[in-house]
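J.: Protein sequence lines correspond, in order, to chains A and B.
Read left to right, the first sequence gives residues 10 to 479 (the numbering used here).
Read left to right, the second sequence gives residues 33 to 299 (the numbering used here).
Source of the hints: derived by calculation from the structure; they are not laboratory data.
None of the values given here were measured: they were computed from a predicted structure.
Calculated pairs, DSS-like style, for lysine-lysine (alpha carbon to alpha carbon, straight line, at most 27 Å): (1) A:K319 x B:K227; (2) A:K304 x B:K227; (3) B:K49 x A:K235; (4) A:K304 x B:K97; (5) A:K73 x A:K108; (6) B:K97 x A:K235; (7) B:K49 x A:K111; (8) B:K227 x A:K243; (9) A:K136 x B:K49; (10) B:K227 x A:K235.
Not the full set, but computed from the structure, chain A residues with beta-carbon under 10 Å of chain B: (11) P286; (12) E307; (13) C317; (14) V325; (15) Y326; (16) V327.
Partial pick of chain B residues on the chain A-facing surface, computed with a CB cut under 7 Å: (17) E44; (18) E63; (19) I65; (20) Y216; (21) L219; (22) P220; (23) T221; (24) L222; (25) K225.
Here a beta-carbon is modelled for each residue, glycine too, at the ideal position from N, C-alpha and C.
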Amino acid sequence: MKYNPVTHAIVEKLKEICGENYVFTDPEKLEPYSHDETPAEQFSHLPEVVVMPIKTEQISQIMKLANKNKIPVTPRGAGSGLSGGAIPVCGGIIVSLEKMNKILEIDTQNMMVTLEPGVITNEVNEKIEELGLFFAGYPMSVETCFIGGNLAENAGGGRAVKYGVTDRYIMGIEVVLPDGEIITLGGKRVKDVTGYNLKQLFIGSEGTLGIITRVIIKLLPLPSAKVDLLVLFKDIKQAISLVPKIMTETRIIPTSIEFMDQLSVQSSCEYLNEHLPYQDAGAMLLIEVDGNSQKEVEREAEIIGELCLKHNALEVYVADNYTTQERVWAVRRNIAEAFKVVSPQQSLEDIVVPISVIAEVVEEIQAIAKKYDILIPCYGHAGDGNLHATLVKNPDHSYQKWLEIEHGVLMDLYRLVKAKGGTISGEHGIGSKRKDYLSMVCSETEIKVMKKIKEAIDPNNIMNPGKIFK
Amino acid sequence: MKIIVPIKQVPETSRVKINEETGTIIRDGVENIINPLDLYAIESAIQLRENNGGSITVISMGPPKAETALREAIAMGADQAILITGREFAGSDTWSTAYALSALIENIKPYDLVITGERATDGDTGQVGPGIASFLNLPLSTYTGKIETVNKDHIIVQRLIEEGYERLQLPLPALLTVVKEIAYPRLPTLRGKQKARTIDIPINSGKDIKVKEEELGLKGSPTRVVRIYRPQVTRKGTILQVKDEKTLAESVDKLISFLKEKKIVSF
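Work the whole structure out from these sequences, hints included.
T.: Shown next, in the form of structure tokens:
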């Protein structure tokens, strides 16, 4: 597909739509919009123009303009994505949703809030905390990411064991289609089987089908009590093999079961200047239980803690107040950032497997690491079977060699997860980063159906092109 | 070696909201925690006990719910805890608090060392530690950053001062107030929590410690909180405008001479 460049005339029209101050083309201002959290050297691409609309109608006009002139449009939230979803790989227009950041309505009767897509996810929870409500989505970038991006990627995160992922809480959306038409899907209805579930189609569509401009999310009563356990194990195998047992043996569903190997903990601790006793611990689990009775939550935490000690945990630490909980969670949340400091050349993976096989998968990943002579530290949402194995470049290897190795490791890794009943992305998405590997886990027919849907909604292929499909 | 660690329960201030009219903290729904800087005192005590044997008693003066803070300290590794609580203590300032705590410490002697945090994150005065030392006539090292050696009759420490460190040798018993760099506080353990849940924490009132009733609480406090307000920040930044090559060079020169003036760079 050949696209048309963004001409001076197009820029002028965009300025007419959005106002002079909300459109820019100076290269230094474009640069921050050329990458997300994937390594820039490998995946970045400059847009030709960035526009910052403040209302849906403007986005509709932008899309009409772009569709008519065959100019690619890439919607962008906070740019905290991990698969290149917000990168304008074909150039064209970036529609940044950063100015559409209002909480439009807090509806306590229905326990729902209506948001613009540029609201920072954590802000929602800060705003509604005093009402005793919360939004259960909890991506690790919760302090920076936008709700619109959470939807576009169907973000998962640290509470999915108990609360599921973003889509469970999305009641309604407003979307601007590639031709500029505006549609609303769903609403404040708990049940709805009127026709195809188009709302679901847009959630996790990685910005390839339209731009989400308004969101209604469901809230839950905020649990009044939670306890975190930080459990140290001698090695990875002991830690990870306990993960399914936590649920099968205690019959307690924790909010989170997070896994971190030694290198992950060490890197994050050094990055944060935190001191957890990781020296003798090959791996750690971070387990959270929540509920509405402090006593009951403590009892559940104790049962899980005892199970861990029975299975050779070296130590079980308990965090039952905000300060201590923040301390342990900060270590988990900052691992990805920390690795970037260690080596900017890396590949943060997002594999997901049935939790019953997670221990064998982790073991085989270490064998792959050995074969290619690189480090593959592992951490992630073990309770969901979702692991962020991170391929880190060996400093002795050249960049060219690293690219070869990266491809080889990914082929081996993806073959492994496919064989174990897993897939290549649990929550980060395919984007531009993994599109070459989609056919390893999706059948030809499956991909054909997806492409037909894409063609039906975006016949000119201007909506975030270069993503998901080769 | 017997170590006493006075601690304070404070509101969790990282998320705290302020009543703009009265200038006071809105305490509804705010979690209460061990004063974060006291964690360093507890950790230092635990490390001393690990290396030299002995026992650690944590003490606190506060409302009955301050018991939670003491139990948390037990969960981290302290051996026992004592709480002083009662209406007679309400409204105590730093002088009166130090007076009551020192009376309790006097009550449970002998001891070798008293360790406190540098200050509490709510009152922010840093006076109670030195106040206790004064009442008990103990040698004092404030802002202690490192404990070098300790034996049965003295301790050698380094205390942080503006230009570096001061090395002190103090005869025991002594009092140290410690700063963050002294140690990394450990997390409470499950076994510690289990112990903390069941341990008996003696509760002392004004009658149990030898104190003069009239020196306690608001009436015994020589200082008063008259008004709390937010200080206005008057600092203003200077912006050096760069329009062309010439103003660029001028701006850089101005910046360098400013940094030199402030002794931030010297060349």
